[in-house]
Amino acid sequence: MTIASEQIATPAAERRFSPEWLGQGFSKVLLHVVVIGITLIWIIPTLGLFVSSFRPLDQFTASGWWTALVPPFKFTLDNYTGVLDASNLGQSFFNSFMITIPATVIPVTIAAFAAYAFSWMKFWGRDFFFLALVGLLAVPLQGTFVPILKLFVQLGLTADKVGFVGLWLVHTGYGLPFAIYLLANFFRALPTDLFESAEIDGAGTLTVFFRIVLPLSVPAIASLVIFQFLWIWNDYLVALIYVGSTAEVAPLTVTLANLVGSKGQDYQLLTAAAFFSMVVPLIVFFSLQRYFVRGILAGSVKG
Amino acid sequence: MDFSQLLADVPTLVAVIVGVPVVLAAYIIGGEYLVRLLPDKARPSVRPWIWVGPALAFVGVFLVYPVFGTAYRSLFDLSGDNFVGLSNYANQLSGFPAGGAWIAIRNNLYWLAFFTILVLLFGLLFAVLTDRVPYESPIKSLIFMPMAISFVAIALIWKFMYSYQPPGEPQTGTVNAILAVFHQDPRIWVQDPNLANQALIVAAVWGFVGFAMVILSAALKGIPGDLLEAARVDGAGELTIFRRIIFPLMMPTIVVVGTTLVIFALKAFDIVYVMTNGNYDTDVLANRMYKLLNAAQDYGNASAVAIILVAAVIPVLIFNLRQFRAVEARR
Amino acid sequence: MIGRKFASLVGLAMAAVLVLVGCGTSSTAGKGTVHILAVWSGAEQDSFKAVIAPFEASTGIKVQYESTRDVDALLQTRLAAGNPPEIASLPSPSTLTKLAGQGKLVQLDNGILDMTTFNAQYAPGWIDLGKVNGKLYEIFAWAAVKGLVWYNPTKFTAKGYQVPTNWQDLMTLSSTIKSGGTTPWCIAVENGAASGWAGSDWVKEIVLSQAGPDVYNSWWQGKTKWTDPAIKAAWQTWGTVLGPNNSNVYGGKNYILSTSFANGGDPMFKNPPKCYMHNQASFITDNFVKQDKAVPGTDFKFFPLPDVNAQYAGAHVGAGDAFSMLKDTPQARQLIKYLTTPDAQAIWVKRGGKLSPNKTFDLANYPDDITKQVAQVMTGAKIFAFDAGDLMPTTMRDAYWAAVLSFVADQSKLDSILAHLDSVQATAYK
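Chains as they are written, first to last, in my numbering: chain F, 1 to 303; chain W, 304 to 634; chain V, 635 to 1064.
Derived from the structure by calculation, the hints contain no laboratory data. Accuracy of the hints is not assured; some may be wrong.
[To be verified] Heads up, incomplete: computed chain F residues facing chain W, CB under 8 Å, no partners named: (1) F26; (2) H32; (3) W65; (4) I101; (5) I110; (6) S119; (7) L131; (8) P140; (9) G143; (10) T144; (11) I148; (12) Y174; (13) F286.
By construction, the Cβ of each residue, glycine as well, lies at the ideal position given by its N, Cα and C atoms.
So that you can see chain F by itself, here it is in the shape it has in the complex (with noise of 0.2 Å):
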């Protein structure tokens, strides 16, 4: 850290009206339009979207979304209170985080269990069972179905008879992939030294893992159980097909998908649906965001 220090003693006023602060001036200018051009460019679809929620239906195919920010201003909560006034609305949020929070949290862990193994231990076809792991992220899930369904009908998996637990064992199965594959990568990328100094001091394998792996991947299963989350939130097909959406069992996503008509009648309503199913995912996306932060790894083996 002694050459840094050195370099920060410059006197700050020589510093100030050099070529080299202007030349870093202008590229700071030019980065900050970039990135705010850009993502104003990004959230057009979306923002078209959310001023279209505030628009009556008859609105929808007389003009384009952006004619609502001038007057005479024409909006409406209908679609709000629309999606508001479904019925089960309560009973499919809640159901909606019964099916989520285990099915986030079992294969996260189980994969951060194997993920550990795969990038630390060595056993015999590591490598086989790793690649056939990436492999079978291509498998496509509609294939699953009937074999999984037919063997859950003979255990006796089913809804009626255990809930969701059927369900957060196949999203478990289907994510594993993906997670080990995430973590495995994040895990392996941890510099050796760490491992032999914690060897050195006498660590188990468990203290290995939960005091030193887990703390410095914590970006990692930020990122993991984000989109586990939000994957498994935003779910419609597995949920139908294995607990399927009578009112008791059915997630957020049949219930909203189910206030438009079998033709597509009062599709305005998902303008609003999508929003309103959009708050949990964001609100686990923010909570999270405080463990994106760099850093952690400085230090760790000196210190």
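Add chains W and V to chain F, keeping to what the hints say.
Same frame as chain F, but now just chains W and V:
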């Protein structure tokens, strides 16, 4: 909204949130305890199996078993009674270039190339750029938002975006409205076989960049800050830092994200199904399989398509193996 | 390190999780349950629930209703896995017919339904539709009529247009409107995965009234080829309606292909109107009211699509909701019997959007004049045929819809389109 039932069920949810991690922690701790009971020499050979055991079990039941079932089923005809060997595969792979599954295969290759590259490019761009601005969190949340939206809503968003009104009428679709600003005639996007694939891929890319950005950002955060500071202090420009330090250090993660994207491109289904169901020359393998499965109830051919899809991943696996070995060698 | 305390805590946690999860699920108390799977969601779901409510109240049986747009796929999967719902309603009877052929459905006319009442209340056409090999497997609870040409009477009178009563007059009216400077027709076929069905309605209506019911029936049964002159002529007739390069239709090919069927009639209500006629089934009135703020009777009325061939006058295409039983349970028996009664059907009809195929149904139940007139079209039709697309095997129907899209995109490709349909037909009916 009925709150009374909600309140009654909350204890269940809490029990599950608490109970499940406890059970899993108990498993691994208990497992380690059992390993401790073994002699020193035996421990390293038994221990890994405790750690990978549950994962292998789950994957074995929920993915491997159906895949073998599917492979087996693909050797029979649609009724399931007659063994037909590889004729289902011949069926799907015949009639090159426009027959059988070849249009779907061609489209999947488009997806593979454009979807993967565009998502990686934008994901990397956003990850690197937002790292350097103080308002990183809100920007990342905005870019991430499309990922939080379900596929049905994404299809709806892009239906609005691509909406068409005849020339001369006020446009209702964003893209055509922008064209109108430049005095261009409006056009149809998804229903035009020349543009349909691109239109769908754009929608999918838009929805997926958040995924790449989040993971690449996590990898970026893993690069020690002092490394970057030292380089800056030494006078290296941003582009050089990116080329010489950031990009090489992020390479393993880029491979992971790239592989995942390639596989998603091969498996692309939801966007295609909801917006065109394969019409206008947009058919993809997963959609073809869905139609064979549900419309034709031809399990034999559907299984063949599924196996073709899984087999198409093999080159990707070989690439991964090479990367893997390279990283191992460097250790 | 691992104390007995910890172990017992874990054991307790595991037990708690399993017990609470198990208790969280509903127990079936009372007179039993029946599961029913259908496609109705949104407002239709509310209507169906209203139909079921008196049944649940009077019998004490709990009806578990499930709905999804992918009802075919879901039903097949559950059937293959061994846990189908007891009753299913599919928009396409062809799937149910196929299942009946595979022995997966419960026969309804040997003990479950009172056939004397049933035969008295339903026209033979509706009953035969539900029969496979002479045995009854499907019943139809609600119906709809297609081939209704919607128009704006105010705009018609303003221009002095007369409602046509035969095909020739319709074509003349079409050219009159065209020479007046507006496209006469509004057509829109987009519907996501199901795009094209709105155009297929046109073609099947023309097949029925141009070639007759015999050709129509052998066509959907797969016995008449698509390249048969009679079928080709129907497509060509539609081509004359569309005009060369779809010039008789508002917005041409681009608008037809990219606009949702639900918005198909919107241009009719603009000022000045962009088109004057829109051929669509009865449910479109809901869209007229909600989207275009149109008033029934003043802003929109209908006339039945005239028959191309005077020989087949009074021909109409319709559709209906078919119900079948997949598992024979006492509760399912009661429910399916209930659904055939005019009282049950009246509940939904009063809420709008459906007609009843029951002969004894009281016309006064229809909520407004327009619906009553539509019902009269149905009951008064000399030749009433069920939607051919819904009777074809799913792959054939999907190819039919896709053919509509190709035809609109380029009418000159008709021959190759029909040849392709023939090749699908060759394998679809197995």
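Problem set entry | Index of numbered hints that the structure contradicts, given in increasing order | 1 and 6
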